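Participant: So the chains spell out like this:
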Amino acid sequence: GENVEQHPSTLSVQEGDSAVIKCTYSDSASNYFPWYKQELGKGPQLIIDIRSNVGEKKDQRIAVTLNKTAKHFSLHITETQPEDSAVYFCAALGSGTSYGKLTFGQGTILTVHP
Amino acid sequence: NAGVTQTPKFQVLKTGQSMTLQCAQDMNHEYMSWYRQDPGMGLRLIHYSVGAGITDQGEVPNGYNVSRSTTEDFPLRLLSAAPSQTSVYFCASSYRGPPVINAYEQYFGPGTRLTVT
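Residue numbers (our numbering), protein chains in the order written: chain A, 1 to 114; chain B, 1 to 117.
Be aware that one or more of the hints could be misleading.
Said to hold, decoys possible - From the structure, some residues in chain B lie toward chain A, with a derived Cβ separation under 8 Å:
1) Leu-43
2) Leu-45
3) Gly-58
4) Pro-61
5) Phe-90
6) Gly-111
To be verified - Below, a list of computed lysine-lysine pairs in the DSS-like style, where the Cα atoms sit at most 30 Å apart:
7) Lys-22/A / Lys-58/A
8) Lys-42/A / Lys-58/A
9) Lys-42/A / Lys-22/A
10) Lys-22/A / Lys-14/B
11) Lys-58/A / Lys-68/A
12) Lys-9/B / Lys-37/A
13) Lys-9/B / Lys-42/A
14) Lys-37/A / Lys-22/A
15) Lys-58/A / Lys-71/A
None of these hints come from the bench; they were simulated from the model. It should be emphasised that the depicted structure is a prediction, and the values quoted were computed from it without experimental measurement. Ideal placement from N, C-alpha and C gives every residue a C-beta, glycine not left out.
Start from the sequences, fold in the hints, and give me the full structure.
Facilitator: Shown next, in the form of structure tokens:
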């Protein structure tokens, strides 16, 4: 089945700095990679996703890049703000025995200091 | 729309007790799933359903049962609670799921925090 590794597990930045979270996946047939943000006491919420037919997608201050050859994808947050503080999860849609199932990374706790 | 709702928010059980975590969605989503969230382990899929009457196992199904008698509801049953089932449980739904390749956004409920002593 699919395996997703996420790094770092914690990330601390100053307000205005950029933050980068990286994920690798194992199933070369995976073709959908979403990123979720989870605020304290709430369920995860989709913030951006990318499909395998594009290498980069941007939405205001957040962007995701995908390298299918190396099987890794990254979340980039620019001009970070205190409200960006949360837990971020990457995920990959598996195939074969994991067909149609989202496999999540372990999560990154992002803290943005004012 | 209320989205995905879960009850209860908190629950404490003794080892061996049984209970049902409730999940409902009002978005007419076909696909529903249950995850558990443990520190450092992300979200792990327990069971999922691609429509009423159809369920399948996820990554960590042991000790849990599900059923899907209606499109709206997807309860998760703990048959005989164990301390290893102490976790935060999330229900999620999406418009379309397996076997469609392009998954759609999954909407998560607020979670149920379960402690088994």
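Participant: Next, verify each hint and record whether it holds.
Facilitator: Verification of the supplied hints:
Below 8 Å, beta-carbon pairs count as interface contacts, and Leu-43/B has one with chain A at about 4 Å; its hint therefore holds. Restraint check, Leu-45/B versus chain A: the minimum CB separation of about 6 Å is within 8 Å; hint holds. The beta carbon of Gly-58/B is positioned within 8 Å of a beta carbon in chain A (closest approach about 6 Å), and the interface hint is therefore held. The beta carbon of Pro-61/B comes no nearer than 12 Å to any beta carbon in chain A, farther than 8 Å, and the hint placing it at the interface is violated.
Satisfaction of the interface hint for Phe-90/B is found here, the shortest Cβ-Cβ separation to chain A being roughly 5 Å, below the 8 Å cut-off. At its closest, the beta carbon of Gly-111/B sits 6 Å from a beta carbon of chain A; the interface hint therefore holds under the 8 Å criterion. For the given pair, Lys-22/A sits about 16 Å from Lys-58/A by alpha-carbon distance, which is consistent with the 30 Å threshold. Taking the CA atoms of Lys-42/A and Lys-58/A, the gap is near 25 Å; set against the 30 Å cutoff, the hint holds.
Between Lys-42/A and Lys-22/A, the direct Cα distance comes to roughly 23 Å. Compliance with the 30 Å bound is thereby established for this hinted pair. Proximity of Lys-22/A to Lys-14/B is assessed by CA-CA distance (about 40 Å); at most 30 Å being required, the pair is judged violated. For the given pair, Lys-58/A sits about 18 Å from Lys-68/A by alpha-carbon distance, which is consistent with the 30 Å threshold. Distance restraint check for Lys-9/B and Lys-37/A: the Cα-Cα separation of roughly 20 Å lies within the 30 Å cut-off, and the hinted pair is therefore satisfied.
In summary, the hint linking Lys-9/B to Lys-42/A is supported, as the alpha carbons are separated by about 11 Å, within the 30 Å threshold. At most 30 Å may separate the alpha-carbon atoms for a hinted pair to count; Lys-37/A and Lys-22/A meet this at roughly 14 Å. The suggested pairing of Lys-58/A with Lys-71/A holds, with an alpha-carbon distance near 19 Å, which does not exceed 30 Å.
The structure shown violates the earlier hints numbered 4 and 10.
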